[in-house]
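S.K.: Read off the chains here:
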Amino acid sequence: MKIHFIFLCFILLGLITMPGLASAQADDDLNQRVQQLEQKIEELQNELEILKAEISDRPVEPSKNEPDDSETLQAQSIQPTGNEKLLPDISVIVDTVGTVSSKSGVEENRDHLLIRGIELGIQGYLYPQIKGDVFIVAEGEDLSVSVEEAYASFLQIGQTGLTANVGKKFVDFGKINSVHREKWPYVTQPFVVRNLLNPDEGLTGQGAQVNYLLPLKGDIFGQASFGIWKPSAHHHEHDHEDEESPELGLGVQNRLYTGRLWLSKAVGGSAEAELGFSTAGGKGEEELGFPRTRLYGLDLTYRVWLEQNRRILLQAEAMRQKRSLPGEDGSRDGYYLLGTYKLDNYNDIGLRYDWAQLPAPELGHDSGLSAFYTRRLTETSYVRLQATRGSDANAGNYTSAFLQFVWGLGPHAHDLQ
Amino acid sequence: MKFRIIAILAIMTALISPASARLDIVTSSSNLADITRNIGGNLVSVTNLARPSEDIHFVEPRPSFITKLKNADMVVVYGMGFDQWMRTLIDNSRNKKIMQGGPGYVDASVGIKKREIPAGKVDMSMGEVHPLGNPHYLLDPENAKITAKNIMLGLIRTSPKNENTFRTNYGKYVKSLDAAIDKWNTLMRSHKGKPIVSYHKSWIYFTARFNLDDSGTVEPKPGIPPSPSHVSKLIQAMKQEKIKAILMETFYPKKFPALIGKQTGAEVVVLPCEAGAVKSAGTYIEMMDYIVRNVSAALK
Numbered sequence: 001m002k003i004h005f006i007f008l009c010f011i012l013l014g015l016i017t018m019p020g021l022a023s024a025q026a027d028d029d030l031n032q033r034v035q036q037l038e039q040k041i042e043e044l045q046n047e048l049e050i051l052k053a054e055i056s057d058r059p060v061e062p063s064k065n066e067p068d069d070s071e072t073l074q075a076q077s078i079q080p081t082g083n084e085k086l087l088p089d090i091s092v093i094v095d096t097v098g099t100v101s102s103k104s105g106v107e108e109n110r111d112h113l114l115i116r117g118i119e120l121g122i123q124g125y126l127y128p129q130i131k132g133d134v135f136i137v138a139e140g141e142d143l144s145v146s147v148e149e150a151y152a153s154f155l156q157i158g159q160t161g162l163t164a165n166v167g168k169k170f171v172d173f174g175k176i177n178s179v180h181r182e183k184w185p186y187v188t189q190p191f192v193v194r195n196l197l198n199p200d201e202g203l204t205g206q207g208a209q210v211n212y213l214l215p216l217k218g219d220i221f222g223q224a225s226f227g228i229w230k231p232s233a234h235h236h237e238h239d240h241e242d243e244e245s246p247e248l249g250l251g252v253q254n255r256l257y258t259g260r261l262w263l264s265k266a267v268g269g270s271a272e273a274e275l276g277f278s279t280a281g282g283k284g285e286e287e288l289g290f291p292r293t294r295l296y297g298l299d300l301t302y303r304v305w306l307e308q309n310r311r312i313l314l315q316a317e318a319m320r321q322k323r324s325l326p327g328e329d330g331s332r333d334g335y336y337l338l339g340t341y342k343l344d345n346y347n348d349i350g351l352r353y354d355w356a357q358l359p360a361p362e363l364g365h366d367s368g369l370s371a372f373y374t375r376r377l378t379e380t381s382y383v384r385l386q387a388t389r390g391s392d393a394n395a396g397n398y399t400s401a402f403l404q405f406v407w408g409l410g411p412h413a414h415d416l417q
Numbered sequence: 418m419k420f421r422i423i424a425i426l427a428i429m430t431a432l433i434s435p436a437s438a439r440l441d442i443v444t445s446s447s448n449l450a451d452i453t454r455n456i457g458g459n460l461v462s463v464t465n466l467a468r469p470s471e472d473i474h475f476v477e478p479r480p481s482f483i484t485k486l487k488n489a490d491m492v493v494v495y496g497m498g499f500d501q502w503m504r505t506l507i508d509n510s511r512n513k514k515i516m517q518g519g520p521g522y523v524d525a526s527v528g529i530k531k532r533e534i535p536a537g538k539v540d541m542s543m544g545e546v547h548p549l550g551n552p553h554y555l556l557d558p559e560n561a562k563i564t565a566k567n568i569m570l571g572l573i574r575t576s577p578k579n580e581n582t583f584r585t586n587y588g589k590y591v592k593s594l595d596a597a598i599d600k601w602n603t604l605m606r607s608h609k610g611k612p613i614v615s616y617h618k619s620w621i622y623f624t625a626r627f628n629l630d631d632s633g634t635v636e637p638k639p640g641i642p643p644s645p646s647h648v649s650k651l652i653q654a655m656k657q658e659k660i661k662a663i664l665m666e667t668f669y670p671k672k673f674p675a676l677i678g679k680q681t682g683a684e685v686v687v688l689p690c691e692a693g694a695v696k697s698a699g700t701y702i703e704m705m706d707y708i709v710r711n712v713s714a715a716l717k
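Keeping their order, the protein sequence lines are chains P and L. For the first sequence, the working numbering begins at 1 and goes up steadily by one. For the second sequence, the working numbering begins at 418 and goes up steadily by one.
Derived from the structure by calculation, the hints contain no laboratory data. There may be inaccurate statements among the hints.
To be verified - The calculated label-pair distances, taken between Cβ atoms and stated as ranges, are: (1) P:Glu-379 to L:Gln-657: 49 to 59 Å; (2) P:Ala-224 to L:Glu-533: 25 to 35 Å; (3) L:Leu-604 to P:Glu-47: 47 to 57 Å; (4) L:Gln-517 to P:Glu-307: 30 to 40 Å; (5) P:Pro-361 to L:Thr-464: 52 to 62 Å; (6) L:Ser-607 to P:Ser-270: 36 to 46 Å; (7) L:Asn-628 to P:Ile-41: 49 to 59 Å.
Said to hold, decoys possible - Listing some non-contacts, in silico: residues in chain L with all C-beta distances to chain P over 12 Å: (8) Gln-501; (9) Ser-510; (10) Ile-563; (11) Arg-584; (12) Lys-600; (13) Thr-603; (14) Thr-624; (15) Asp-630; (16) His-647; (17) Tyr-707.
Cβ atoms here follow ideal geometry from the backbone N, Cα and C, with glycine treated the same way.
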């Protein structure tokens, strides 16, 4: 009996307090909801004030009764359609180089100031993660026009860490092959790149490349790239007077395979060290009997950013080309060492040492020491002086000097290099 | 039986995701990092890319920045073309969440009342002009509230379950900003209308907020280095108008401002424009406090 009574009391107690609890809970919910709504009202009021301020800042449109001059009438007749907002980024870069040299047969266009190249860039997004880049160039003495690059970049393929480039582009080999000439810190190409990879601005091909961002731990960036290309024929001509100019470059025809592993790590808060391994290969030229040709590269870069926009760059790149020629040692080597110092946003100085053998079956090597100074006029233009003291395999010792003027119009963005 | 229950509980514990891990946020600048930390609190882990003493215009993108972006939940950029280098990095990050248009992409400039949007034809004859307007908007502390709101909304999109916390933190941050702005307004009131000169055209929001007269720049046009003829004209003008202060950021060369200061008697005030650029100004509010105090002292 007692137990039943106690039990009943508990039930009654529960019945009395529960509505109170429920009511208190309901009050809390209502209060919270009121607070949320008050916050939203405050945010909307802020937005309203901002919009009102923007409207009041707009210029007052002229009254329709006021007389207009013809320019205004013409302007008013051009109604914006919005299509102009879908235009790609269009830019043009002009590279002019003046060359003097103590020896003929060494520098192209010796004793002339000529346009080395005009590059028209058209870049934009086709889709949220797909970009298109087209670069049309006019180069050579007659400024003949060709497509330098035209490729689509797929910035993310699924959730895989893969990206891809399809079309014609500078292949990913070494540190500077894919860097456009106007971005070089010097006037002339490193000898090893000219002799063993490509004597033009760089080795291009039509095909595809996939890039994989390696899931490395910590702060280490790692990207592996593989490409299959039909290499472009090069159109570089040496100005040799007496001798047949050696055929420079990789000399792979029909199908070129490339691979690159690019690693990078921050060193402290203001430096970065990069290491790259590259490989390329395919069958060589018919004249040489289609020898199997391989190129291996190793590149190192170290950059330190200092206060007041100063920066030190140290870079080295070495390559070995192997051609399987019967009865011949088809191995050829080359390298360059580079140091640059950015004094401020306007001034850069640098030194580069080059040493590179000629590709097999040629014998001999080229070497040289170059010093350069760059004065940046604006973000899109600069003037550069370079002096080179060198030794050419065929022409002997020489001294050359270059004056370069690069200017550009429009935005011109490049991928991370 | 007991052993089976313990084993099942252990497996379930291992499979249950850990109590919400912090959101990974990457910002382009230390001002944005500081504001993000204030809004996110201990729910966020913020990584900043540009060093505080670096000129945001000229940061060189590095491969190691991509490692920070590839797993980020959210990225905060200045926008308005100020930190255009972030575009290349975000494009290479393979992280759809933070690409433009993704839920984790925050443009801190949305809603800012932009100044100096060039009208008519825009080209480089104007110098290195910003076609979308002057991007140095965080030098007006009122704009920091708008930026904080953009960051709050980004955090809410990224982690909706923590909305209340982000809103509460935002409210607190805005209150602390308001208190600081009141103090700065009081300090600067007596300098209303006074003229100043700056190295680069980056102080327009600051001078508008505190009613100073932005009377010229050491650069003849944005991004164009000072020329002797322009400096000579500037010295004449400063002497005539009795301009007492030349404002410049820590990363600009001091040569011409020092020369101008010597010729005119004006004080060269070297200022941070990012939190942490000077030791005693580690946060955005401390940075603005440093700026206001030093400008006020120079104008006395």
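S.K.: Each hint: holds or not?
M.R.: Tested hints:
1. P:Glu-379 to L:Gln-657: 49 to 59 Å: Violated, at about 33 Å.
2. P:Ala-224 to L:Glu-533: 25 to 35 Å: violated (45 Å)
3. L:Leu-604 to P:Glu-47: 47 to 57 Å: Between L:Leu-604 and P:Glu-47, where Cβ atoms are some 30 Å apart, the hint is violated.
4. L:Gln-517 to P:Glu-307: 30 to 40 Å: holds (32 Å)
5. P:Pro-361 to L:Thr-464: 52 to 62 Å: Holds: the Cβ-Cβ distance is about 54 Å, inside 52 to 62 Å.
6. L:Ser-607 to P:Ser-270: 36 to 46 Å: With Cβ atoms ~41 Å apart, the hint holds.
7. L:Asn-628 to P:Ile-41: 49 to 59 Å: violated (31 Å)
8. Gln-501: violated (8 Å)
9. Ser-510: Since the minimum Cβ distance to chain P is about 8 Å, L:Ser-510 lies within 12 Å and the statement is violated.
10. Ile-563: violated (8 Å)
11. Arg-584: Violated, since 6 Å does not exceed 12 Å.
12. Lys-600: holds (22 Å)
13. Thr-603: holds (23 Å)
14. Thr-624: Given a closest Cβ separation of 17 Å, the condition holds.
15. Asp-630: Answer for L:Asp-630: holds, closest chain P Cβ roughly 20 Å.
16. His-647: With a cut-off of 12 Å, L:His-647 remains clear of chain P, as the shortest Cβ separation is near 15 Å.
17. Tyr-707: Holds: least Cβ distance 18 Å, greater than 12 Å.
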